[in-house]
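S.K.: The task is simple: from the sequences and hints, build the whole structure.
There are 2 protein chains.
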Amino acid sequence: MTELENCMESLITIFHRYADEDGDGKTLSKKELSKLIETELPAFLKCQKNPKVVDDIRKDLDQNGDSKVDFEEFLSLVVGLSIACEKCFVLHEQKKGKK
Amino acid sequence: MTELENCMESLITIFHRYADEDGDGKTLSKKELSKLIETELPAFLKCQKNPKVVDDIRKDLDQNGDSKVDFEEFLSLVVGLSIACEKCFVLHEQKKGKK
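Keeping their order, the protein sequence lines are chains Z and G. Mapping of the first sequence onto the UniProt record's numbering: position 53 corresponds to residue 53, and the numbering continues sequentially without gaps. Mapping of the second sequence onto the UniProt record's numbering: position 65 corresponds to residue 65, and the numbering continues sequentially without gaps.
Hints listed in this document are in silico derivations from the structure and should not be mistaken for laboratory results. Hints should not be assumed to be uniformly reliable.
Copies of the same chain look alike in the list, so a pair counts if it works inside one copy or between any two.
As the list claims (entries may be wrong) - Dumping the calculated DSS-like pairs for lysine-lysine here, alpha-carbon to alpha-carbon at most 27 angstroms:
#1 Lys30 - Lys87
#2 Lys31 - Lys87
#3 Lys96 - Lys26
#4 Lys49 - Lys98
M.R.: Quick look at the structure:
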């Protein structure tokens, strides 16, 4: 498999690793999403000063208001974080270029 | 790094591996996008019967009409493919469960 194919497979297996915990394998419950964020995004969580950040993320992601997070909603989180990280990456590369 | 962090890093490095080829490191030109799809998604491309699929994808992704694909537009491709793959994954798991 190529790196991009591996990456897409990872996204699916990570989501299901947590979503399958309480029997409903299609969505992340509040508890499952908290566990996913705490386990998979510790560096991100460490930077957050708001103690309710996980709750806020869940509310943001839960676009259809069913208080669960499905795979598409989970991908919005990954996309949002990746876009933020990519901006930092570009800035960092520009700084390196100037040196 | 966790699996999800690795995955986000991969998305950024894959995009820049191709976007940086023609000097403009911020977007994928037509040629760069073709190369990315041909190299990173060979299994997907093999299933497509439409010879213009890469052109069609570029037009779909290029939401701001500048005939280039930026990182956010590239992520739409990854999200679209991941959602399609995840649906197959769930169906496959359901079939396994019934056996």
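S.K.: Work down the list of hints and note, for each, if the structure agrees.
M.R.: A quick look at each hint next to the structure:
1. Lys30 - Lys87: between (29 angstroms within a copy, 22 angstroms between copies)
2. Lys31 - Lys87: This pair counts as between: shortest inter-copy Cα distance 23 angstroms, intra-copy 30 angstroms.
3. Lys96 - Lys26: So Lys96 and Lys26 pass the 27 angstroms test across copies only (16 angstroms; inside, 43 angstroms).
4. Lys49 - Lys98: neither (32 angstroms within a copy, 46 angstroms between copies)
Going through the hint list in order, the structure does not satisfy hint 4, though it satisfies all others.
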